[in-house]
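Each protein sequence line maps, in turn, to chains F and V. Residues in the first sequence are numbered consecutively from 1, following the working numbering. Residues in the second sequence are numbered consecutively from 1, following the working numbering.
None of these hints come from the bench; they were simulated from the model. Backbone N, C-alpha and C fix where the C-beta goes; we use that ideal spot for every residue, glycine too. One thing to keep in mind: the hints can contain errors.
Listed next, the stretches of chain F that the computed footprint assigns to chain V, with coverage defined by at least 3 CB atoms under 8 Å from CB atoms of chain V [stated by the list, open to error]: (1) 23 to 37; (2) 53 to 59; (3) 89 to 101; (4) 115 to 126; (5) 280 to 294; (6) 343 to 357.
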Amino acid sequence: MKAILALEDGTLFRGYSFTGRCETTGEVVFNTSMSGYQEILTDPSYCGQIVNMTYPLIGNYGVNNEDIESDRIQVKALIVKEYQEFPSNRRSQRSLADYLKASDIPGIEGIDTRALARHIRLQGAMKAALSTIDTDPDSLVEKAKHSADMAGRDLVGKVSCREPMLWRDGRATRLEQGLERFRWPDNPGSFRVAAIDFGVKLNILRSLDKRGCTILILPANVDSETINRLEPHGLFLSNGPGDPAPVTYAVECIRQQIGIRPIFGICLGHQLISLALGGKTFKLKFGHRGANQPVKDLATGKVEITSQNHGFCVDMESLKNQDIELSHINLNDNTVEGLVHKKLPLFSVQYHPEASPGPHDAKYLFDRFIDMMKTYHY
Amino acid sequence: MPRRSDIHKILIIGSGPIVIGQACEFDYSGTQACKALIEEGYEVILINSNPATIMTDPDTANRTYIEPVTPEILTKIVKRERPDAVLPTMGGQTALNTAVNVAKTGLFDKLGVEMIGASIDVIQKAEDRAMFKDAMNRINLNVPKSGIARNMSQARETAENIGYPLIIRASFTLGGAGSGVAYNREEMEDIASSGLDASMISEIIMEESLIGWKEYELEVMRDFADNVVIICSIENFDPMGVHTGESITVAPAQTLSDREYQTMRDAAIAIIREIGVETGGSNIQFAIHPDTGDMAIIEMNPRVSRSSALASKATGFPIAKIAAKLALGYTLDEIKNDITRETYASFEPAIDYCVVKVPRWTFEKFPGTVDSLTTSMKSVGETMAIGRTFKEALQKAVRSLEIGRFGLGSIANNGTGVHPSLHEIEEKLINPNSNRLYYIYEALKQGMCVERIYELSHIDRWFLFHIRQIHELEKRLRELVLKNGVNGLDADLLRKAKEYGFSDQQLAVFFKTKEQDIRDVRQANKIEPVYKLVDTCAAEFEAYTPYYYSTYEQENEMRVSNNKKVMILGGGPNRIGQGIEFDYCCVHASFALKEMGIESIMVNSNPETVSTDYDISDKLYFEPLTREDVLNIVDQEKPEGIIVQFGGQTPLNISSALAEAGVKILGTSPDSIDRAEDRERFQGLLKKIGVLQPKNGIAKNHDEAIRVADKIGYPVVVRPSFVLGGRAMEIVYDQSGLEFYIREAVEVSPGKPILIDKFLEHAIEIDVDAISDGRDTIIGGIMEHIEEAGIHSGDSACVLPPISLSPKLIEEIKAHTRALARELNVVGLMNIQYAVRNRVLYVLEVNPRASRTIPFVSKATSVPLAKLATKVIMGMSLKELGFTKEVVPAYVSCKESVFPFARFPGVDTILGPEMKSTGEVMGIDSDFGLAFAKSQIAAGQSLPFSGAVFVSVKDEDKMPLLETIFNLYDIGFRILATRGTSDYLLEHGISNIAVNKVREGRPHIVDMIKNGEVDMVINTTDNKKAVSESISIRRTALTFNIPYTTTLAGAKATVQAIKSMIKGTLEVKTIQEYHTS
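Use the sequences and the hints to build the structure in full.
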């Protein structure tokens, strides 16, 4: 079925839908990972976005029930060069097309995905409309123009959990008696971590769990007093979609939590910490999305290959007067990748130590968080 | 970390001659390493015996030893040069082994020479099976279970420990003799006992069979700061059981989910750390069970490898160059990425295309070997193709192979036109072979389902599904033809066919029309390829290096300049007869254009080469060398012209077609090339200028062949017309021989005539390379062959300057050469083969193009012939270039050929008119004996100074060899001889020991070789019977690495070499010293 992808600047790409009739809008971004499409599809940070995979053959190994980063597909649509209708992998349970169709998410193939990626690199991330129904390019360009902007829009509310959940047996479970009467399970030696869910990837929770943490997942709009009442050993601030600036409620909560207990933030969590410290963020031209981003740990001089997915970035200049130290930088463009507080137990990274998809080089950061809780509490 | 300042002088070890498993990829890596080190201000010393390399060009390293890559010679060079460090990781296994052997003597420690890149401990840990296994166990990784057995009871015990199926390999045998897979106890008993028998040391290695597991490779790099990156993942199309060099491989890995890929990546990082490779690149091979996901580590190479060359070309990340810099102390984040200019080497390349590598085999050259792919490598070359889909890349790779296929499925069963039976297909799917890909296609054609093909072949279904898609499209296209012919080809379907990688030629076959017709339809519909960049980063950053591949898509990234530009066509995949020598010439052409300020555009499909390095030419198109693919580039680039004379036969084969399509062929015209190739036109030409040629004729059927041969007189040389490298060429001595040839070897028909030439017995063969600007012709070099005419020129050793030709004859040769150049209007290079018999000079062949010997001659004379030829082609005169006189060096250079016989069990090592060598070495010294000795040592023959020589020669050789044998006897060698030879020698006063031939009872000569009682073999034979009786002697000598010679002239030269070596010692000297002496 023929499909047209129209960008807000009027550029058109023609392809075919491999998921049937569809029409949608969103911000088009590109991801350079060569594997991990299922994790990418289910990563809540992609909420509101149409993902263009630069690797041309997608669907090769099918989908399964394990490689998910949230309970649903989060992207608005998936764009590939050639969809692989015959997956081959022992863990595959169904095809990518079926998976997308079940959630009514469009999948488009036959697009010159490299040309699209180049266009975005040169012109910046932009809004787009794609359709198999409306084949009038002008109309689609209009739809793209009139779709919602990423900047200034709070997407966190769309992906955060509605109520607190306890991570148990490898999944988030509802609290039996509500937060008011919540008691931490009796796990001797375990660190109690309150994790604010701005769109948390499951592998972050798995990674903390693996290190013996008991995790209480809190909705994004939780307030500081509630957290204090829970008395967690550490506070974790998750990744999430879009622009951090409109997520003011979280910024306020974080501001009050800083210094009270160890805090670790990833991605959007990292940006929100910066805002809470009085810093600023800005939108990158086309963001970092892929599994090959080199990050240098300025303390050790070592380089780690990281998984990244962000369109916004912290402005280091804006944090100059704070007790904040730049801990990690991106070697490709020297942007901020990590911060650490000189005095308080607080650190954050822009990239994804939980990987999934991507290299495991940065998983030491979870250990660092554990160590921080240890130091702070004993 | 900044570069190390405590070392200044670094010695790089090259890989020596091109052999199976070690080809021009090590010239690529070595050249990159030299350039990188020099760029950093180090003094670079190089040792490599292979003259056909760019790395041994006098201006690549500071001081270049074209000397044998052996521990003895390396020791001499180290003592002479006193380098601070040795870099052993750039020259394959040869360099690694040579360095380790010298390191073990304590020389490096004594002189304070450091091994950089990989220490001896690291090398041993990676290469010693037991140590590697222990290391893997320490990091909780599995290696296949294995054990060693020295007798049957040990074999039984080991088999029980490992379980079935298991692989049995005999230790110390060649080409996999005495190996096999045992699925049960009975088979184990059989294979183990024959393996113990075949092994020189009665030892077999038994290993858990991973046959059918999926195979992967990762290219890993590490720096001093312990940063580790994965450059490329590679998935093998062929499952375990087929050597990775024999496998079709694909980059990146296709059927791994991210979770599985990351598990492998973690393992790779753990391995490189555990083995302790401090800096540089390593290749790690993995096996994955398709159903359980179990992972086993197969092996690790702590050096750059064939796969790293492939990975470099596949990603644009120059592994060898970066590895060299890391060895100097740089960290990955300090080295800029050339392609993006703004980012660094500390990242992992992201690919946005699919890369397919397909090996090229030459089983037809070694009759008697079974076309089967095993864990022992037999392919002689490879081609790589890049496409946006697997289907496109696969079909491009197939047409890049130049095996008469223009993609999948256009010809049935190897061109015989007969569809194979189901039984044959099943057999070929079960047992891996060089045509397996085409059998898969044939299986699909005959309706076999993917699942069944998978069961038989264990090739991952993912690949099979894609091949099925190709087949389905072919079916649709063919149905269309039936319905409404070529007019039914609608634009959408045609576009789809092109996206699937179908060539115009293939489509022309489907539509029963001409390639040009398809091209016309395509262009009328504006279906033209676009060119995309290989940029390491999937378009995330701007790419500055113009490294392109074609595809059928929306956006064209080609940046066409307004510069004056010239396109050079490369040689495609290596094969016997066409290898690195031609790549050397292409690279020089590119250098010459650069010197002239002309934009150079390189087109080639061979990932092993220097020419496909992105910084050699101004533009690189990694594309098949077919008419269609070349014309497509020409259409868009619009070069001033194309140079076809450097890439061997490959560009010449399409030069007329290109010329017809309006492309300007620079240099010697296609018509001149045709005049030299076309039998009748060539005869006319020779007659016109009064040059002799052996009597010859052409036959279109059996009777005619007999008549022609009778007229010419036996012996005759017979061969099919239009072949390369002497393919299927034979000398026949009588009518029955000719009849046998026609019956068994070659089909003769009006469409496929055979050529019959008078064979000049006992003639000296001479090779001449010359250069002409259309007015003047200057001799590049005259080479006298060691072996007599009748041995393919690519297989015989030769010496420059000639040692036995009279000045008068040399003058005659020069005059002939000039006359031929003038008559053929040669502009550029030409090569002529002459033969001299009874002081009469004959012309055997004229090739108005670069020859295999150009690099050798250039190294021997210090004249960069290919560069000069390029400038001549571009219109400069030899006078302007200052090359007005032949350079005849005062020293002697010998070229010796290197053969792959060890890889092909049972194949005779005897030389003949069909070329069989894969590579060459060069020996340079002050006299012939020493130079020849060096060439022998470099080729792997360790000549003895004492001991026993076995002599068995045909009657007519007895007299001419007498002096040579006497020399040996005089030096103190014991002479062993078969009865006839023994009696003859005794009669002439040479006492000797008579030994049994194999059929004369035991102990016989083969027993004696096996027992180490023979140090050299001289064995010449004439008729088929004698040949077959003595083959076991030659094979055993080969297995036990005892020097042997099968020609009279070879024996004479070898003995002369031994004499020279006894008289004086071998000294080493740089090529730069020779050139200025």
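Evaluation of the provided hints:
1. Judged by the Cβ-Cβ criterion of 8 Å, the stretch 23 to 37 of chain F is covered by chain V as claimed, because 6 of its residues qualify and three suffice.
2. Coverage of the stretch 53 to 59 of chain F by chain V holds in this model, with 4 residues showing a Cβ closer than 8 Å to a Cβ of that chain against a need of three.
3. Residues of the stretch 89 to 101 of chain F lying with their CB closer than 8 Å to a CB of chain V number 3, which satisfies the three-residue condition for coverage.
4. Under the rule that three or more residues need a Cβ within less than 8 Å of chain V, the assignment of the stretch 115 to 126 of chain F holds, with 4 such residues.
5. Counting residues of the stretch 280 to 294 of chain F whose CB falls under 8 Å from any CB of chain V gives 5; the rule of at least 3 is met.
6. Against chain V, the stretch 343 to 357 of chain F contributes 3 residues with a C-beta closer than 8 Å to a partner C-beta. That satisfies the three-residue criterion, and the hint holds.
Checked against the numbered hints above, the structure breaks none of them.
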